[in-house]
Structure formats: structure tokens, C-alpha cells
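J.: Single-letter residue listing:
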Amino acid sequence: MSALVITNARIVDPASMTDTRGAVLVEDGLISDIDTAGTPGAPQGAEIIDARGLVLAPGLIDMRVFVGEPGKEYRETLQSAGEAAAAGGVTSFVMMPDTTPAVDDGALVDFLVRRAEATSQVRVLPAAAITKGLAGAEITEFGLLQEAGAVCFSDGKQSIQSSALLRAAFTYAANFDMPVAHLPFDKGLTGDGVMNEGLFATILGLKGIPREAETIPLARDLQLALLTGVKYHAAQISTAGSVSLVREAKQKSNRVTAGVSINNLTLNENDVGRYRTYFKLATPLRTEDDRLAVIEGLRSGVIDTIHSDHDPQDTEVKRQPFAEASDGAIGLETLLAAALRLVHNGDVDLMTVLRAMTFRPAQILGLPTGRIARGAPADLVLVDLDYPWQVKETELRSRSRNTAFEGARLAGKAMRTIVGGKTVFELSEEALA
Amino acid sequence: MAQSSPANASGDLPGRLAGFPPFSQRHLISIADLAQHEIVELLDRAERMIPVSRQERKSLSTLSGKTQINLFFEPSTRTQSSFEIAGKRLGALVVNMSVRTSSVTKGETLIDTAATLNAMRPDVLVVRHSAAGAVELLSQKVGCSVINAGDGAHEHPTQALLDALTIRQHKGRIAGLTVAICGDIANSRVARSNLLLLGALNVRTRVIAPKTLLPAGIEQLATEVFTDMEEGLKGVDVVMMLRLQHERANGKMIPSVREYYRFYGLDAAKLKNAKPDVIVMHPGPMNRGVEIDPAIADGPRSVITDQVEMGVAVRMAVLDALLPDSNGAPR
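Chains as they are written, first to last, in our numbering: chain A, -14 to 418; chain B, 2 to 332.
Source of the hints: derived by calculation from the structure; they are not laboratory data.
Residues from chain A that face chain B, not an exhaustive set, calculated with beta carbons under 10 Å: (1) 182; (2) 184; (3) 186; (4) 189; (5) 193; (6) 305; (7) 306; (8) 309.
Positions of the beta carbon are idealized from the N, C-alpha and C atoms, including for glycine.
One chain only, chain A, in its complex shape (with noise of 0.2 Å):
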């Protein structure tokens, strides 16, 4: 029996909504005791740490992250992908099912939580594919890859278009109480924009994204997830408008969810700058307003989850012209320092930020996961909340190097990730002299 205790943490469970001084003991990779009061009395040979008044919080869960396994493996590994989520305090992602080939059949499910147990620091949760091949047209066998091990049903990076087959999809998932995460874009009035539509996309000469390609959809999207009681999550929301429409579905329903980029929520569309293709995203940074909308949506509870929407991209396809560049940044080692940042900036309260990043997300996909509680899985990040970094691209452990965050100053890091258990990332000694 392996046993470890954390001692004199700040232990901070968006679960209980608490915030208390105490000590964690940990047994076999599970939660075994929480003393506010003293220390919990430690079998012998336990391993102890001192958290030294840092907080203690459960392990962020991210609900969009893409791998390049299958396919691209020299864009991202599942190991590397681990790496830098373990790294950046993460103990679960959900990955989306947009690989090569597409993750639609229980097979490569099957493969992936194989694949990940043997290569992977942290849990990976494998989303499976709404349509066949992504490509809009056909369900897939949400049975049989439930069974398989997916969380939730997802077309990642593509929209369903047929409202038809949407409804079909939802029906039918609410058959099997799954989770479906879809992203609303109207592809029609998208078109072959490239950024937020407005006075800054003109100036670059750039084809503008105008904010109803997101609404529009999204409200059908919501329209269906009440006419059907899907569980349904909104899986990337950007502007005022959508924060509004959500708002409004979940005074009629408490199935419907949303989850919002942490690039939209801290960066705007005067980060693209001048054609930097890094802030070239496949949801567009919106205007200040949308942020500071999907800002106050997260503040009041209309948003959900926060995510990292971490999608490696080499440098290949991001060197090019604005237009011509692939869309995506990575995000899962700056993710909590990124959300910290608006805590410290006064925007949202520490419980609110970890909430959406661990409890909401265990909530919407029922994983036992995302909570200081006992009998849960042993999943917990140590973060110092203050503790100072630049970003470095060179010093990411993502195989690709497009971080919309290259050079900026964060506050707050991961200090030791521990997963079931088991430390899979400390801060080394050099990083903290």
C-alpha cells in the first residue's frame, strides 16, 4: 500500500466550494483523508510533502485538446501531449476525435486509452466522432464507442450544417446519456473568413468571420438540445451575443452547458497585430467587448469550462501568409497560468476559475475526477499562485511550437502535478532558484 500526505496546503475544492488550511493523505491513488485540523494520522513509510501554504486544488481537466496520434505524430504524441499537460497542472484532457483517421469507430476508442495508458503522464479521455470521417453526413456507433471509452461525442473542429442530422445525433445520444460537445459555426457565413469581422480585419485586408456565424447556429444548437434532452455542451463560445443565448437555454434546462477558450477569454483581435499567425484561430479573438462578455458569462455561471483548445500546429503551416496559415495554438502548459491571470487581474475569483477547469468539466462528463473529496481519485496540482514565468517556446514540451502566449510574463504555475497518486511533474530545483 503506497501512501502519501500533503501537509500545510491551502486546499481549494470548487466541489465543496471551500478553501481551507489542512492536510491531504492519500492512499493506493485515492483519497483517503482530508484534516483541516492537524495532520491526518500518516501509515508509516508514507511519503510526505510539505506544501509549504500553496494551494492544493484538483487536477485541471481540459475539455478541447487536439493530438497528432494517429497520424501527426510529429506535430504532438499522446506522450508529449502528457508531458505538457502534466507540466502545466492538467491530469485529464479530453481529445478530440480529429486524428488521421478520424477517431469514429471503437476500435481506434480502443486503441487510444491503450496507447495513452502505456505513453501517457495523465488521463486522456477520448471523444469520439458525431458523424463518420467528421464529415457531417452520417452518426456513428455511439453505443458501441461508449462502450469503448469515449466520454462525450464530439466533431471537434467541424460543425454539424444539417439541423436535421443533428437533431438525429442528439436523439439519439440522449438514448445513451452521453455528453455531446459540438462547436457552432455556420460555415456558409464563415465563408473564407480568417479572422473577427470589423475595422481591424479591413485594415489587414483580411476576409472577416462575422459573430452570427457563431449565433446563428448556436442557437439552433440549443433549440434542438431542448427539443431532444441531450446533454449538450456549447463546445466554444466567443461572443456577447452567444453568452446571452446560452443564458437563456439554461433557464429552461440544466442539460445545456458551454465551455470557452482561455485564448478568448485573455486575448482579443488586436493580438493578430500584424498578420501574427499564431492568433489565427478557428474560433476567432473577438473584440474587447466579446471578452469581456465571455468573461462576465464565466463570472455568472453561463459559461461552464474553461479549456485550453490546445492544437499543435507546426511551423510549417503556420509560417505562411495570414490567409494561408492553418488555424490553432497549443495551450495545455499555459493554460492555468493564462487563467490565473484573470484572477489576478480581479476579473473572476480563484474558486470560479478552478471550477471551470475541474469540477464543471468531472460534472458534464460524471468522471469522479475534479474534486478534493474522499474516495476520489487521487488527481492534484500544487500551484503557486504568484510564482513568475515567461513564456519560452523553445522550453514548451509540445512537439509544436505555436503558442499565442510566446514571451508573455504569467504569474502562477503548476509546482508538482500528481496523477492517481503519482507525481508526474516537480517543478525542478533550478526552475524555483
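Dock chain B against chain A, hints included.
T.: For chain B alone, coordinates are given in the frame of chain A:
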């Protein structure tokens, strides 16, 4: 047009323009990068280049021994030949490269070509590309000066400079005039560069177009926005027409060419609203009967061929300003 004295009349080194400080920019990517005084200086320099092309011997030696590569990823006859003639009249060795691109390999070709050409040690690259920002990206990859000859719907800075020079030659001034830019504003790099340049020189700018061809936020770039052409032309000093790409009139943005011509084609009736001494401009190539009546295009108010002449002068001035003197003087 006003006549200027020959550039080398004051006993300078052959072809060198006296009286100008070294130019502060290395590249010309965007009008937005230029301060007002730099725009004026380029126009002054260009004015001094006009007589060179009108002389019997049209050659200067300013750029002798220098290599200019015209790298065109998008076909262009007039801009490319204008840059070629400008470079040759200054004594540079000019090489034209037209790069055919498939959409798949477009970007790859750009970066690879940049590295290859850079190794040949040119002194200046003149680049046109179909993607906004492509010329700027390329300028980060090479060790020489880069001139933007048009990047997507972003900018075409030498076009705006030659337009301004044409206006100055005809009107004797630029500030205080009212200039209307008409047509496909949304997809036009010429419109963007002109709005920036004219705005910097205190011109009242108007854009006139159907709403489907007006980009978001245009009211912050132009002084006034009109959808009624007759209204928009009232009292203007200058009309700049833009080319309508035929594929825009396919029922997606514009229902038909004839409807476009009815409401946004420049004809005598509409032009009557402008000042009597209005000048009519067009960056070319023109679609007669689509955006402009042939009678206007070839009529007395048209200065379209003057624009072509000013184009050579402006490009000579830009090359001369950006490149250090062959005779060793600093830039």
C-alpha cells in the same frame, strides 16, 4: 501638367537627387508605415523623376550595379513593367520572375522562393502576392529592401503614391480636396492604400459602393460613406474608379453587370454632379461598360494615362529612396 527641372540640372552626381536626406525606411510595405512627411518627401522625389522619363536619354546611374528582382506571384502586366522600366531607367539590373502557384503550394513557394532569391543577393525585391501580409512575411526572410507591389486586399502603396502625384500635378495641391473612391472597396488594396494616404494628407475622402462591397468599419477609414453615387459625387474634385472583378457580379454580391453599371458605373450624367474641373482616375485595367463609360474613360476629364506616367516616376523615386547610393553615399 507642370514641368519640373531635370533631376541632374544642379550638377549632382549623375542622377542623384540633391536636397533629400537619407530616407528612413528600408522597405515599402504599407502606407500605414509612412509618416506624413515621408509621403510628401516621396512625392517630391517623384516629381523630380518626371523629367527624366521625358528626356531623350532616359537613363540615370543611381542604381548601377544593383540587382532588382520583380517577384510576381500574381500576374500583372502594367505594374510589373512599370517597376521594370523604373529600375532600368535608374541603371539597375532588373530580373522578372513570375511564379506560377497552385493553391496547395502557394505559401511553401513563398518562403522557399524568398530563401532562394535572398541567396542570389538582390538589392531590392518588388513583390506582388494574392495573400494579404505575404509581402511583409517575405520581408522578414530576406536581407534586402522589399517593395510591396500589391498584397491581397491589403495594400498597394506605390499605386496610392502615383495617384497622389497625379492629383498634385493636376490640382497643384492635395490637402483640402474632396476625393471619391468608387466601386469594390471591400476587395481593393488600391482603396485601402489611397484612404490611408489621402487621410494622412488631410483630404476629405468619400467611398461610394453598394453595401455588399463595403467592408466592416469603413466609416472609420473614410470621411464619408455613400451608397448613392450621384449623391456621393456632388462637389468632388477627384473621382477614383475601381475595377470590378467579373466574378463579383455573379449573383453573390452583385446580381449582374448591367445593374452594377446602372447604379455604380461612371457616366456623364453621374459625373455632372462633380466639380466642373473634376479629374477621373482608374488604376487599370479598366472594364469599359462595367464600371466606367468609355466616353468618360477616354474623355477630357480622364487622367488615366497620366497615372501610368506618374507610376514610373513614383517607382523610380521609391527605388532611389530605399536603396543606398551606388556611389557610396548613405541611404
